[in-house]
Amino acid sequence: MAERLKLHAIVIPFPYQGHINPTINLALKLASKGLEVTFVHLEFVHHTLSKSHHEKTTDEVDLFSEVRQSGLDIRYATISDGFPWNTTDTLYSWPATIAEKYNLVNVSFRTETALVFSLIYHSELLRQNGHFPCKGSHELKAHNIEEEINYIPGVESINTRDFMPYLKEAHVTDMVHKVVFTAFKEVNKADFILHNTVQELESKTLSALDKYHRNYAIGPVNISKNLTTNSTMMSKSLLPESDCTQWLDSKSPGSVLYVSFGSLVQISKQVFEEIAYGLLLSEVNFIWVVRPGIVASDDANGLPAGFEDAVQDRGLVVPWCNQVMVLSNPAVGGFLTLRVEFCIGEHLVWYSNDLSSDKE
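Numbering (full-length UniProt numbering), first residue to last: 1 to 360.
Warning: the hint list may mix true and false statements.
[Stated by the list, open to error] Quick list of the computed label-pair ranges, beta carbon to beta carbon:
#1 D243 to N129: 46 to 52 Å
#2 A77 to K269: 18 to 24 Å
#3 M325 to S268: 25 to 31 Å
Honestly, the hints are just simulated from the structure, not real lab data. All residues carry an ideal CB built from backbone N, CA and C; glycine is no exception.
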């Protein structure tokens, strides 16, 4: 009997931090299951990642070199930023053409929820019902026309105010809209679609989507404990990461609130200062990720005068950190973030594991 050929997956992430992390994790998981994997980055993403983790960077830096030492069959390649170069992120449209030309299996990987995917996928249905493009949130409130809709297959009910920005009127002509909807025209060519979600949480939405394509919930796409330390420590961040381990280890279990608004969002100076004063008055231990450019103003970081002196060792403000390592530390008992899409909206979301109120 002929020896069965080893499966080979070409993995291409969309060049945003929120897409790079889960796509690298997916590649590592595929390799851990015995697949041969080639991970492809654009050159500028490669240089940014390398610069964040290597003081002396050369073009030969291989981000997966340490991973291969653990036995995973994963290769690394870069492509020119100007050359449109197969498991790929859904937001890329051209891989479908490449896969079709070379008779490859075309797998689309969605890094967000199945609900978000379904809303975009059914944008024409929204258009037919007058809900796409949707009015902006401020205009909705002014005219009192927020609506609950329930006609999207697999989505029981959703309010139009909760739509992603690229489904709203003010954003239908911007670059994000063009990228998203061009890509979704091509998603019909995918042989199947992977979603970074959990079947039990979105079973109805996934079941409805199965009428059009084969869909699989494979999330959450995080690094498994049985993968090696080398696999979890490889370069994934586009920004240099601060080491919070020593500070966290000095705090009691469940006593730290982790505050991070992701890699894209900008918030107003007023909202930023309100959060700062809230953390100050809470008397809770916290790590706050204040990414460069997070405040939509000319201020360097927007922190109120004297803030860091007032919180002293109770709070740690860093420009960026390894979120997985921070959240896995037993000192962390809560996570404060924003529910946002592409830098729009300021809806606070609180996740807590019974955060201790004990003072250090």
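Hints, verified against the model:
1. For the pair D243 and N129, the supplied restraint of 46 to 52 Å holds, since their beta-carbon distance comes to about 51 Å.
2. At roughly 42 Å, the beta carbons of A77 and K269 sit outside the given window of 18 to 24 Å.
3. Distance hint check for M325 and S268: the Cβ-Cβ separation is about 30 Å, which falls inside the suggested range of 25 to 31 Å.
Checked against the numbered hints above, the structure breaks only hint 2 and satisfies the rest.
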